[in-house]
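Q: Protein sequences, first through last, are from chains D and X. Letter by letter, the first sequence follows residues 1 to 307 in the working numbering. Letter by letter, the second sequence follows residues 1001 to 1237 in the working numbering.
Simulated from the structure, these hints should not be mistaken for lab results. What you are looking at is a predicted structure, and each value in this text was computed from that prediction instead of being measured. Watch out, some of these pointers could steer you wrong.
Unchecked claim - Derived pair list, reagent style DSBU-like, types lysine-lysine, alpha-carbon separation capped at 35 Å:
(1) X:Lys-1022 <-> D:Lys-202
(2) D:Lys-202 <-> X:Lys-1132
(3) D:Lys-301 <-> X:Lys-1119
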Amino acid sequence: MDWMIILQQLVNGLTLGAIYGLIAVGYTMVYGIIGMINFAHGDIYMVSAYLTAICIAVFMSWWGWTFVPLILVLTLIVVILFTSLYGWVVERVAYRPLRGSQRLAPLISAIGMSLVLQNYVQISQSARTQGVPSLISGHPLRIGSEQNFVQITEMQILIVIVAFLSMAVLSYIIQATALGRACRATQQDRVMASILGINTDKIISIVFIIGAASAAVAGVLVTLNYGTFDFFIGFVTGIKAFTAAVLGGIGSLPGAMLGGLILGLAESLFSGFVNTDYKDVFAFALLVLVLIFRPSGLLGKPEVEKV
Amino acid sequence: MTEPLLQLDKVSASYGSIQALKSVSITVNQGEIVTLIGANGAGKSTLLMTIFGQPRASSGRILLAGQDISQIPIHQISSLGLAQAPEGRRIFARMTVEENLLMGTIAIGDAYLKQDKDKVFALFPRLKERRKQSAGTLSGGEQQMLAIGRALMSRPRLLLLDEPSLGLAPLIVKQIFAILKEIAKEGATIFLVEQNAHHALNLADRGYVLANGEVRLSGTGQELLANKQVQHAYLGG
Ligand SMILES: Nc1ncnc2c1ncn2[C@@H]1O[C@H](COP(=O)(O)OP(=O)(O)OP(=O)(O)O)[C@@H](O)[C@H]1O
Ligand SMILES: [Mg+2]
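Required output: the full structure, derived from the provided sequences and hints.
A: What follows is the structure, encoded as structure tokens:
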């Protein structure tokens, strides 16, 4: 076995896993707080890819900017803001009116919302595959000999740094701030949280915004890295990130990050050593295995709780 | 005549088609300990939750120092000076003891946090020993102490307690009632729901008996203790 290939796949897997983790955050936090799978979340991610392209086009073609770091930072900020707005609107329009109804109703509404977003983007942006110019294309870092090396691109480094930074900030917010405590309280007992004075509707909105913002970070990074996307990318990526969330234990924030990393690594190693075509099948097989042997996920809480 | 601190005026409430409260009228005056007793399913917990809008009163008025609170947003009620240690304790199991106490200060901000936390720890030394522990791992009695402590953290004008003695050893029940007495002496007003009618009526200035969602009897604690019906139904006499 070739160590360089393993190392290369680990690098690729880490990058992929960081992205899955970021998107999984949205699934897991929304599930944690209102107990529903937000099937439109993958499409929120998709929207952020389009917003990235629009931002870059405006900054570079219209305004003629050339300073890449500025373009990147502003794109990230603007895309986070607008994607958050989408996340917020989706909750207000599709889920809040159904609060307190049967469990199935918001789920169906979520699937509807997913279709709405896809069609909205398809109609307004056309169904063609779109692209962005590559902004970061320095020479990749190579470690090893001439023939046998591990290659790390600047973009991969950027993805890992930004993703881990975002997760660190998010973990800090949830663990150590008043807002984070309000989120956790609302997640654990919404009625009691409101008795204590927490505006739980507002907290739920904020959780949707946090989820959308994390997906937006992923969307910007992936779009810059791959360069192309279409209105359907939210589907497979969404299901993968959902798998990551379940793998880590849905409802658990560290679980989403861990699940993302494990899924990314497993998928990369599988593509590297077994077969690239079946990597999605492998990812979902992993999901099935987890659901059979550890339904609450790696870091999830068991269903039964002491009352 | 001074205005009562809390006044329920012909309040009704229901869960879907089940009517749990039928035109209930109750008053609690400033500085009093008032207790509400009644059989299982009488509607006692519903009454306390209705004060917090869950469920909302379907008719009638809920006045806090004269202000009708029956329609205001639920999360604004605590900042009017109301706190509740609800049925089932409802502590946040996956937060530490200290975080749970901190959650109690949301209505008033954390200006008195340290002072009030020390006070709760003085009342319940066991909580102090376990302050970094996740609340879900506390014993039932400790959880009850935490629920009461959390309610005290918002310096409420009116404290609502739902069966604070439930499931506790007799010695702990005694302690808790002694603590309630102490809290009341410091000026808090307490509205106490209890199954433990003997203890509750002994402690309380006045009491109400609820049956099938209706107020059946009311009087001073001593009057109700001496009442034949009450003795027969709730005191095992
Ligand atoms: N969430 C709910 N949904 C439907 N019915 C409810 C709900 N909560 C309570 N009830 C019903 O309302 C009635 C009053 O219940 P409540 O909990 O207020 O009684 P209680 O006097 O507190 O009883 P206990 O002493 O057993 O705690 C009961 O018939 C109960 O079945
Ligand atoms: Mg009850």
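Q: Is the straight-line distance between the alpha-carbon of Lys-202 (chain D) and that of Lys-1132 (chain X) 35 Å or less?
A: Holds - the C-alpha atoms of Lys-1132 (chain X) and Lys-202 (chain D) are around 29 Å apart, at most 35 Å.
Q: For the pair we were handed, Lys-301 (chain D) and Lys-1119 (chain X), check the Cα-Cα distance against 35 Å.
A: 33 Å, holds
Q: For a C-alpha distance cap of 35 Å, please report whether Lys-1022 (chain X) and Lys-202 (chain D) respect it.
A: The given pair, whose Cα atoms are some 33 Å apart, holds under the 35 Å limit.
When each numbered hint is compared with the structure, no violation occurs for any of them.
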